[in-house]
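There are 2 protein chains.
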Amino acid sequence: MLDLDKPQIINLFEFDTTVHRILNAYIASAQGNVQTGDVVHLAFSDENGDCHVKSGYIKDTASYVIKIASGFYDNPAKGLPSSNGMMLAFSATTGETLAILRDEGWLTDMRTAIGGAIATRVLARADATEVLIIGAGIQARLQAICLAQLMPDRAFNFHIWARNASAAQVLKTDLNATGHNAITVSDLNVAIGQADIIMTTTNSTKPLFADGLVRKGCHVTAIGADCPGKQELPTKLVATASLRVCDMASQSLNHGEFQTACRSDASLQVTELGHILSGKQIGRTSGQDITIVDLTGIAAQDIAITQAIIDAASCSKTQ
Amino acid sequence: MLDLDKPQIINLFEFDTTVHRILNAYIASAQGNVQTGDVVHLAFSDENGDCHVKSGYIKDTASYVIKIASGFYDNPAKGLPSSNGMMLAFSATTGETLAILRDEGWLTDMRTAIGGAIATRVLARADATEVLIIGAGIQARLQAICLAQLMPDRAFNFHIWARNASAAQVLKTDLNATGHNAITVSDLNVAIGQADIIMTTTNSTKPLFADGLVRKGCHVTAIGADCPGKQELPTKLVATASLRVCDMASQSLNHGEFQTACRSDASLQVTELGHILSGKQIGRTSGQDITIVDLTGIAAQDIAITQAIIDAASCSKTQ
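Chains as they are written, first to last, in my numbering: chain R, 1 to 319; chain L, 1 to 319.
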């Protein structure tokens, strides 16, 4: 049995391999080849914490994966990271434990950011360079880094806005220090009107900006909404977009960004990302389309990144 | 972080402490003081296997527990045990991992058997000695052992019947070798009519015997039904019993022994075991009552036995 801690996992992580596997996992999910367990939520309201469990199995793979991820949001004040958890892999033929990856939430952060980058690459305009990132937390940082790493030939300019202006400043400085073009912006409304790509990474429960500001041709990747009541985008923007894409329709409509718009109008079409990635369904049709992708995070991503680490560990052993 | 394998767990296990904690866990559950996550089921039908995840938190305790348990029923033919899995405990104040108990299903087996013994003690007649055990698997064995250990002053006679007569013979021999009075029985119907206590431990999907055979004053503990479609007892016996008790009504009515009877007659009363154990509700009222308890297994038991092992490990460290 493989038992790895976070530094060992980070050491084994390979970006390109993981991108490849997560992309295929989205396709497998859309094609109905992923068995997904119900998402478990435990809430610890007195401690400002929660835990969720995602689980699943991609057909014809060697293992099923159970992911435990918690957020205790007062931890930083105690000098502890807010995220914790692990990925567990079990043999799909015998049930034996194959791997315990004590990643403390790192793999979830990475698969989330890689999902955002994959979706943005396939849906944004080919000439899109101006990326507005709303938020300055771990996902704001990783979405920028992963998008740039996935598309090294595109000269992205990252425009960062966050409610916490000093956090935005820190993120900008850090991105600059690692060779990315990044600036902070003070007027969110102006920045929205100039963006080719908008990535929202907050835990907001109401729209972050008004409808009518997003310009034609823009692509929006919404990462934040992952439970009932959360919403980052104006309902009308969602309802009138040229294309609504999600990682898994059942999750997005239940507890993702599309919950409000689609509850008001059940006829709104939502396409699963995997069908666009496989070419089964059409994505952007013109430079004028406004496209939106909502990513709630799916077990197939957890399985993909876990299996990538297991394979990397197996290779490093045999070398 | 505590990381224990099965031999270490068995070594730390203390019967009396665990009984005490599981009994209190039933009470906490009935009182609404346990937060229980939805049960996750993954099915691997090509491999004759399944996996389920139970999770929960008992209010005002230090940790929440996630239990992963799988059964791959062709494993024995490969020289492997059919059960696998682990119990995981996390801090309910920070989410940090406190313990990985790689018990391979052993703790689930024990908490299930202890639950059966606790329920049988509180519901069977005070003079009940003739125990019919239906089935000869791990639960048949453990139910007998735990019942005898819980009630050392009662001179139980175990009557064993199983579809597989040679397995029944092996169980009988093993129980005799460890000082228990046990015989095998060949006529199930006769044995039912003579039993003070019946414990059913099979994975049957249809009643194991006909209605009308159980005598007045008998207590029945049904262990086997743990998913939709499973049933061990005659529907009419359930419907006409003096008292129906379960570990958790929502589970029992959905996928436990009471699913069929209560679907036919929604007015049937079902009492949660914790209310009987706490004295809030009355159990057996006379030596003539036929009482039935259905145990589907609840997360509160998993939490209780996990916390008992963690505490024992902590004590053994400080000694």
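One or more hints might be untrue.
Repeated chains share a single entry, so a pair holds when one copy, or any two copies, can fit it.
Below, a list of computed lysine to aspartate or glutamate pairs in the EDC-like style, where the Cα atoms sit at most 16 Å apart [said to hold, decoys possible]:
| # | residue 1 | residue 2 |
| --- | --- | --- |
| 1 | K236 | D265 |
| 2 | K230 | D46 |
| 3 | K6 | E47 |
| 4 | K78 | D3 |
| 5 | K78 | E96 |
| 6 | K59 | E47 |
| 7 | K216 | D196 |
| 8 | K236 | D16 |
| 9 | K78 | E14 |
| 10 | K6 | E96 |
| 11 | K216 | D109 |
| 12 | K78 | D211 |
| 13 | K59 | D46 |
| 14 | K216 | D289 |
| 15 | K216 | D127 |
| 16 | K216 | E130 |
| 17 | K236 | D153 |
| 18 | K280 | D211 |
| 19 | K206 | D226 |
| 20 | K236 | E47 |
Derived from the structure by calculation, the hints contain no laboratory data.
To see whether the hints hold, each was checked on the structure:
1. K236 to D265: within (11 Å within a copy, 48 Å between copies)
2. K230 to D46: Classified as neither: same-chain Cα gap 20 Å, cross-chain 39 Å, threshold 16 Å.
3. K6 to E47: The answer is neither: 25 Å in one copy and 32 Å across copies each exceed 16 Å.
4. K78 to D3: So K78 and D3 fail the 16 Å test inside a copy (27 Å) and across (25 Å) alike.
5. K78 to E96: between (37 Å within a copy, 13 Å between copies)
6. K59 to E47: Answer is between: at 12 Å across copies they meet the 16 Å cutoff, but 38 Å inside does not.
7. K216 to D196: Cα proximity of K216 and D196: one copy only (9 Å, versus 78 Å across).
8. K236 to D16: Neither, since 36 Å and 61 Å both go past 16 Å.
9. K78 to E14: neither (32 Å within a copy, 35 Å between copies)
10. K6 to E96: Answer is between: at 13 Å across copies they meet the 16 Å cutoff, but 22 Å inside does not.
11. K216 to D109: Neither, since 30 Å and 61 Å both go past 16 Å.
12. K78 to D211: neither (39 Å within a copy, 62 Å between copies)
13. K59 to D46: between (40 Å within a copy, 11 Å between copies)
14. K216 to D289: Only inside one copy: K216 and D289 sit 6 Å apart there, 75 Å across copies, limit 16 Å.
15. K216 to D127: For K216 and D127, the Cα distance is within 16 Å only inside one copy (13 Å; across copies 82 Å).
16. K216 to E130: within (14 Å within a copy, 80 Å between copies)
17. K236 to D153: neither (34 Å within a copy, 73 Å between copies)
18. K280 to D211: Result: close neither inside a copy nor across copies, 31 Å intra and 57 Å inter.
19. K206 to D226: within (13 Å within a copy, 42 Å between copies)
20. K236 to E47: neither (35 Å within a copy, 48 Å between copies)
The earlier numbered hints that this structure contradicts are 2, 3, 4, 8, 9, 11, 12, 17, 18 and 20.
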